[in-house]
Structures are given as C-alpha cells and as structure tokens.
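Each protein sequence line maps, in turn, to chains A and B. Taken in order, the first sequence gives residues 1 to 111; the numbers are from our numbering. Taken in order, the second sequence gives residues 1001 to 1880; the numbers are from our numbering.
By construction, these hints were calculated from the structure, which means they are not laboratory data. Treat the hints with caution; some may be incorrect.
[Stated by the list, open to error] Below are the SDA-like pairs computed for lysine to any residue, each with C-alpha atoms no more than 25 Å apart in a straight line:
hint, chain 1, residue 1, chain 2, residue 2
1, A, K19, B, F1049
2, B, K1685, B, F1525
3, A, K19, B, M1066
4, A, K77, B, R1057
5, A, K77, B, D1061
6, A, K77, B, R1056
7, A, K19, B, I1024
8, B, K1072, A, R56
9, A, K77, B, F1525
10, A, K77, B, R1029
11, B, K1072, A, Q58
12, A, K77, B, T1073
13, B, K1071, A, V78
14, A, K77, B, T1028
15, A, K77, B, I1062
16, A, K77, B, K1685
17, B, K1072, A, K19
18, A, K77, B, D1069
19, A, K77, B, N1015
20, A, K77, B, S1064
21, B, K1071, A, R56
22, A, K77, B, E1053
23, A, K77, B, P1054
[As the list claims (entries may be wrong)] Examples of chain A residues lying across from chain B (beta carbon under 10 Å, computed):
hint, residue
24, R33
25, G48
26, W67
27, A102
For glycine and all other residues, C-beta sits at the position ideal for the given N, C-alpha and C.
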Amino acid sequence: MPTPTSAFLQGTLDLIVLKTLQWGPRHGYAIARWIENTTDDALQVEEGSLYPALYRMQQRGWISAEWGTSDEGRRIKVYALTTRGRAQLRAQTAQWGTCVAAMTKVLHGTP
Amino acid sequence: MSRERPLWRPTTGPNVDDELAEHIELLTRRYIEEGLDPDTARQRARARFGELEPIRRECQDIASQMEIDVKKTERLHELRQDIAYALRTLRRSPVFAAIAVLTLAIGIGANTAIFSVVRSVLLRPLPYPHPEQLLQLWTDHRQLGRAEPEWFSPPGLEDWKSMNSTLAGVAAYQGGSAVITDDGEPETLSGFLVSGDFFDVIGVRPERGRTFTMADDDPGAEPVAIISDALWKRRFGSDSSILGRRILLNGTPWTVVGVLPSTFRAPLPAQGELYRPLRRSEASRACRGCITVRAIGRMKPGVTLAQAQADLASVAARLAQQYPESNAKVGAWIIPLHDQISGTTRAPLYAMAGAVALVLLIACVNIANLLLARGASRARELAVRAALGAGDARILRQLITENAVLAALGGMVGLGLSVYGSRLLGLLVPENIRQVQPVRVDAVVLGFSIVITAVCACVFGLLPALKSVRGASSTWLRIGTHAISSLRGRLRGGLVVAQVSLAVVLLVGAGLFLRSFLAMQSLDFGYRTDGVLYGNVVFPPARYQGPELAMDAVNRTLAQLRANPAISAAEVTDIPPLLNAGDQDVTAIPVGEAMTGGEPPSIWFRSVSPGYLSLMRMHLVKGREFTAADRKGSHLVGIVNAEAAAAFWHGGDPVGREMALGRTPDAPRVTIVGVVASARHAGPKQPYRAEVFLPIEQIPARAVTFIVEPRGEERDAASALRAAIQATDPLIPSPAATSIESLVGDAVALPRLYATLVGIFAVAALLLAVLGVYGVIAFSVMQRQREIGVRLALGATPSSIVAMVLREGGRMALIGLVAGFAISLAASRTISALLFGIKPFDVPAFVSAAVVLGLMSLLASLVPALRAMRVDPIGVIRAD
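Can you make the complete structure from the sequences, with help from the hints?
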C-alpha cells in the first residue's frame, strides 16, 4: 500500500540507491536495509520498485552488477557504482539541493 | 572480472528469480529473528513484494535487452578484429594484394563506367515533364520505296494536328540558324524555327521573360526570339536588360523576349542557341510539296503508343484519299522520343556492357584462383586456429571478411577509375545525344557499383573460403596436404579453362572489330580524302536579294582564292562530301525512257563549280566535265553518276539524253553531258544512290562550301580562305576551315573506338587467362615434384618431362579454345549490326584469336616446364 512517504520516494529512488552504493557495493536486500536504518525506518523501500530500478540503472550504465557469494556462502548479485554513476550522483544531489532550497523559500516565505 | 567462457553453455545462469528469491529468504530470516513464526514470516516477506510476476517480467526484459546489447558489441568487436587481421595479412603478401585489388578495380571500374553511360543515355528518362508521352512524328514513305522516315509539309502537319484524337499537342520545328551582326564579330548562331506552342508541348518555360504564343507565329507579328542561357552569357554578358533588346539577325531586327534555363536540353538534332517562331507565309502554309518541317507530339494522358500509331495511321490514310498527288501511300511513322534520340546507341552500348561483364567475370575467376592457391598455403595457419578453439563458423566469417575487405578495396579504386572510364566510354555515344543526356555518375550508379562489388565478393570469395574451412577443421595439422590439393587443383584447372574460353570470346570480338575498322579505313569513298580544306559560307538573303547577287559574291571569292599564292586550287559546291550539310533530291524522269511501273524514282542533286570534279579526283567515266560555257542562260546540263546511269537508262549511254527534274510539265530539263563513278558522299556506311551534278552557275545556291587545296602550309591556306571571305563581305562570319581528313576521321571514329575498346578488353582478358594458365601449371609442377624426380631417376629424358607439362597446359588451352569458339559463334551474331564489311563468322578473326591464345598458353606453360626439367631427382626423393 503506497504510503505518502513511499509515493514521494518513487521519484528519488535512483538518487537514494546511488548514494547508498557510494558507501560500497551491496546486494538488493542490503540496499533496502541500509536505507531503512539510515532514515530510522522513515523511508521503507518498496521491494517491487527497487529491483526494476536497479535493473534500469544497470542498463543505463550507472551501476554494475556481479554474481558473487556472501559471507554465509549464499549466491548474491552485488551492485556497485560506476564512474558514470558517480557523476550522476553528483549531478542529482546538486539538483536536489536547488529543489529543497526553492521549496524552503516558498514554504517559509512571506507574502 | 574476466568473462567466464565455459566449454559448455548452460541454458540458464543465475537469474532474476534467484535474486528475488534470495531477497525474500533474507527478509524471512529477519522476521523470524524478530519473533514471527516461519510461515507468517515468509508470507510477510512475500507480501512486501506485491505482485511478483510483473516485477520478474520487467527485470527479465531489461536483462535480456542488456544481453543483446552485449552480444552486439561483441560482434562489432570481432568484426573490427577481422578487418584489422585481414588488412594485416594483405600487407604481408603485398604482391597478391596489389594484383587482386588492381584486377578487381579494373573489372568493377569498367562495369560501373559502362553502366553509368547506359543509365544516363538509355535508362534515364528525358528531362521533360511526363517524358513517356513525347513522340517524334514522321511520315512513312516505305510504300514509295524510301526506307527512312520522312519530314512533313506545313499543311500536312496542320492536318495531322487538327485531325488526330490522341495527341495533346504538336510542336513543329525546322532548322533556322542566323548570322548575328550587332556589337561584335559576326557569328553564325545555330538555332531552330519553332511553332508557337513548341515550348508548351515540350513542357519547358524560359527562365526569364516569356514563352512563345500562337500569336507570335503570325508572319505579321513583331519578330521575337528566345535565346539559350549559353548565348546570353557568352554574347550578351548576362545582361539583365536582355529582355526587349533588339538584335540584328541576318540583317533584320528581332526582339529578345526570353532566355531559356541553363539546364534546358533541346530534344532536337542539335542544341540550338536561337529559337524563333516559324512565321510562315500564306504560300508556305499551303505548299504540300514543301517537305520542310519536323515535329514532336505529346500524347494525351493515358494514351498508349499503339493507340497513337493507329490513330495517326488513320489520319494519314484519310489525307491520302483527300490529296492523292502529295499524300498517296504515305503513312504515319511514330517513334517514342527517347528511342529517337538515343536508340542508335543501344546496340553498341549493350555490346560493350557484355564485353565488360566478361572481363569482370574473368577477373573474379582469377582472384578465386589466387585465393584457392593462397588457401593451400594457409592451410596450416587455419588448422592451428581451429585447434585453438575457433569454430568453423568463426573461421568462415573471418575468411569472408577478408574477401569482403579485398572486394571493398577493389571497389573503391574501381569507382575512382570509373569516373574517367565513363568519360572514355561516353565517346561511344554521339555528341548530340550526349548533350541531351549527359553522362554522369549519380547515386544509382554508385549503388550499382556497391552491388557488383558485393556480388564479386561472393563469387570469388565463397568457394575458396568454404574449401579452406573444410580443410582446416578436418585436416588436423597434416604436413604436405596432398589430398586437399588435388581436389583444389582440379577446381583451379576448371576455373582456368573458363577464363581461357572467355578470353577467346573477347579476342574474337576484338579481331572482328579490328577487321571492321580496317575495312572501313581502306574503303574507296569515290573522292579525294586528303589535302583539301572546307570553308562554309552563307550569303544571307537580306543582303543578297536574288541568287545572282549571291553567285556574284561566290565568283569574287573564288577569284580571290585562286589568286592567293597559298592556294593552288579552289572550287565551290553547295553540298560537299562528309559534312552532313543535308540532302536535296527531286523526282527525275528521263525523257524518252520507258519507266517501269510504280513511282518515278528520285535523284539527289548538288551544284558544283566546273573544276570541282577534278579537284575532288572524281573519276569521269564518259563524256565531259562542266566548262565556263555552261552558265546562266545557256542550255541546262548535268553530270550523272554511274548508279543513276544504271537506274535510269538501264546501262544505255545517257550522254546526250535529257532528264526532267520534277513531275510537273514545266519542270526543268537537263541534258546529260557526262557520267562520273559513284561515290559515297555521306560516308562509308552510305549505300550508292543516284546522283546528278549541276553547274552552280545554272542552279545557284547561297549556302555554299568553298573547297581549297593548299599549296604549302594548311594554316596559310586557312587564313587565305578567311581573308577572301572578309574581303568579299566583312559582315559574313569567318568560316572555320575544316580539313577533309578530320571529317574522314569522324566518319570512321566509331569503328575505331570499338576496335580500341574491345582490343583493350581482349588484351586484359588474355593476360589474366595466361596468368591463370601459368599459375595452375606452375602449381601442378610444384605438387608433382616427387613424381618428376622419380621419373627422371628412372630414366626419363628432360625433354619428355617438358612435353608432359606442355601437354597439360595444352589440354587446358584447347578445351578453353573450343568452348570459347562455341560461345563466340553464338554471340557474334548479336554484334553484326556494329560490324562493317565483314561477316560475323569471319575466318581470319577466329583463326588469329586461336593462334594468339595458343602461342600465349604455350609460353605460359613453357616456363614451369623448363623448371620441371631441372628438378634434381635425388634431392626431391630424399627430402620427403
């Protein structure tokens, strides 16, 4: 059930995933966990939109994927940031900042 | 991470399902840790995904797409590797590469060149709107004994125009050149007199100004003219106020009302610079005997050629009934305009195209042979590749890429050559046709060259490549690959036989054309073909009202010419030989002869000065030449040729007899005073016809040609000619002095060109075939070294070895020769229209082709034979 927060989340999923992977390669489940932890469960990633997003970003060349083994010996597909991905992250972060600043002015401004 | 390349490929690797399943598993574990029971935990975990199937499908689609992209890049990478490898291998054997690329370039270039000519002249439609509707109209006099299509009389054409139901318009024209005399040198401008609707029917509008209207055609209307773009730029300096400007043509003023576009090409026998309306007088409009006008018609939309022909035939039949004296038995003869303009070039162009295609075929076969030979030497390299894991398909792809690279290189060079080649082959097309349909290398020609390059690559590349591949994987590093070589050898031998036969065809063709050309060259024209110059002059009616004034000027000029030290003799005529200045003929009735039934025949006449016949070295058979006594006022006389004597007087002596020129009772009667041997005035291909010479004093003309014989330098005589004309009348444009040799050269130009071109092709083909023979024999000798060594050791004489090798070569040449002869016999009939004076089964041509080929093959086999002779038997046996 899409909560208000998760609808808001959809448009910025790419940016969140890119940022997550900046801290190192992770597999899908780990990405979702990290997001929950970092936002103290404020953002709960929809698994249903996470994986399509990951595949799309891989197709666009922002992230790369490899099959490897986890510490427990399980087969996992690990995603990592590419150079293009890093550039995307920088660009989108800057965009986000401009957006937030504008919204702040609007919401806290005086007529 | 390096890409895994398993020796076997599993049908599926770890995929989306595994990934999603893993996530669910980890979630489940977390929930269990948080305290839920396993089933609820799993349920909760799965619920978090929602609908699993669409997610799975979306991810799978993206994954498949990525896989395809990866494969594509892989393939591209492999292709680049192959091309680089191909170029490297070519660089390692530069001789082979040079020969192959050059051979291909010549073959592809020649074919592209001839195609560009064929496309430009025969295949491309004429540059007018709806060109398929345009026809050339003629009258058909075949029932009256004349084989060629004929012109119209003005009223006749008008009747056609008003009585037909299938034509949307009829554009009439006749020759109308004029001398322009304002600001600048007097100059003769070529041009035409056209009907008011001429440009409308063709579908062309002047770029500037206006087109003609029917009102301009009225003799009382203001005289207007339309000029070509070239004339406007050349003589009037692209003057922007040209419209409305008055120019003096033949002494009278005409107003320029239009300038044609620079891209305009007239569908007429020449590209005229000046177009004026016909402006016929009443008398001319009614004259049914004046056959002076030609016409182009445009069919109504949807009308077929057959319908138009039938319609016009019925019009002609109705006219034959209405006007029996002028139109009896006269029919309609219509020709689509495209055929009219370029139909004559069809046979020679297609013949050349055939020859050139043969050359390309031979070239491809040669390269195939070369590749087969190379394949043998690369067998080891390819076997190693196969052993290291390259699949058959991969090797095949690489070999094909190599061949494609070779073909592409040959094609590029060939395309470059074809630009020059098309200009050379364009000479096969007469100048006036080339002006309407210029020869260009355009997009279609480019496409054609790409297509034949690709076809070549397949033809010569596929077979050797397949042979190599099969050899590579099945031969497992075999040293001394005998088994493959013998099969390869037989294939190569067969290919060489094919080459030889094609070369024979070209040799025979070259022989035929050469004999044709020599026959035409050595033909006796019937008059002098060297040592005289022509100077054409027209005395315009504006300043020379009557013919006597024109004759006065002619005589004054002659006197001046004869007095000039640079000239030893000078005469004048109105229709000189070889100049294509037109023809005039009239019905002739010999007085007192019983004419066999049917139409009275025509006789062609020309006016000459008294010394003309001896200056032109025409042989007088009977009677006398003209003298000064034969002048105006005295009895009309004439000299007939032998053909006329036979036709009109059936071998009896015509000297002293009379002949009426014309059917009417008051037609002039001429007394025959001499007979001269028949001559071919129009050139070598013209058959003899009945002709009569008349004294120019009695039958004057205002458009004449002065014929002068230089005493010393031709140049001095030419300037003397110009000076004499200038002195007689400075307003007459100076004639360009043409030597009769150049006119003779033009007349035999086409046979010479055929002989040259096919000769070049034949030499090329012969060289290729001979190289082929040499290659196969040399290879065979190398293969049979051991056998030869054994034979020598067992006592065979060296000469017997030589004989053995020569026999092998001789057998190939013989089979090729026989096959080639068979093809030549079949094909030579198709070119019989292009030959002159010889039959298609001309024995000397065939025999000389056989001799040339035999000698060259002998030579080609001799070199390896001599080498075979010198084989050291001991060394060979020991080395195995």
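For the pair we were handed, K77(A) and F1525(B), check the Cα-Cα distance against 25 Å.
Distance ~96 Å between K77(A) and F1525(B) Cα, so the pair is violated.
For K77(A) and K1685(B), compute the direct alpha-carbon distance and say whether it is at most 25 Å.
The given pair, whose Cα atoms are some 89 Å apart, is violated under the 25 Å limit.
Hint check: K1071(B) vs R56(A), CA-CA at most 25 Å. Holds or violated?
18 Å, holds
Keeping to a limit of 25 Å between CA atoms, is the pair of K1071(B) and V78(A) held or broken?
22 Å, holds
Given the hinted pair K1072(B) and K19(A), is their alpha-carbon gap at most 25 Å?
31 Å, violated
Would you check whether R33(A) satisfies its interface hint, that is, whether its CB is within less than 10 Å of any CB in chain B?
8 Å, holds
Given the hint that K19(A) pairs with I1024(B), does the C-alpha gap stay at or below 25 Å?
23 Å, holds
Under the criterion that the straight-line Cα-Cα distance not exceed 25 Å, is the pair K77(A), D1061(B) satisfied?
17 Å, holds
If you draw a straight line from the CA of K77(A) to the CA of S1064(B), is it 25 Å or shorter?
Distance ~16 Å between K77(A) and S1064(B) Cα, so the pair holds.
Satisfaction of the G48(A) interface hint, Cβ to chain B closer than 10 Å:
Interface hint status for G48(A): holds (4 Å vs cutoff 10 Å).
Pair hint outcome, K1685(B) versus F1525(B) [Cα-Cα no greater than 25 Å]:
Holds, at about 10 Å.
Does K77(A) pair with R1056(B) here, judged by a C-alpha cut-off of 25 Å?
15 Å, holds
In this structure, the earlier hints numbered 9, 16, 17 and 27 are contradicted, and the remaining ones agree with it.
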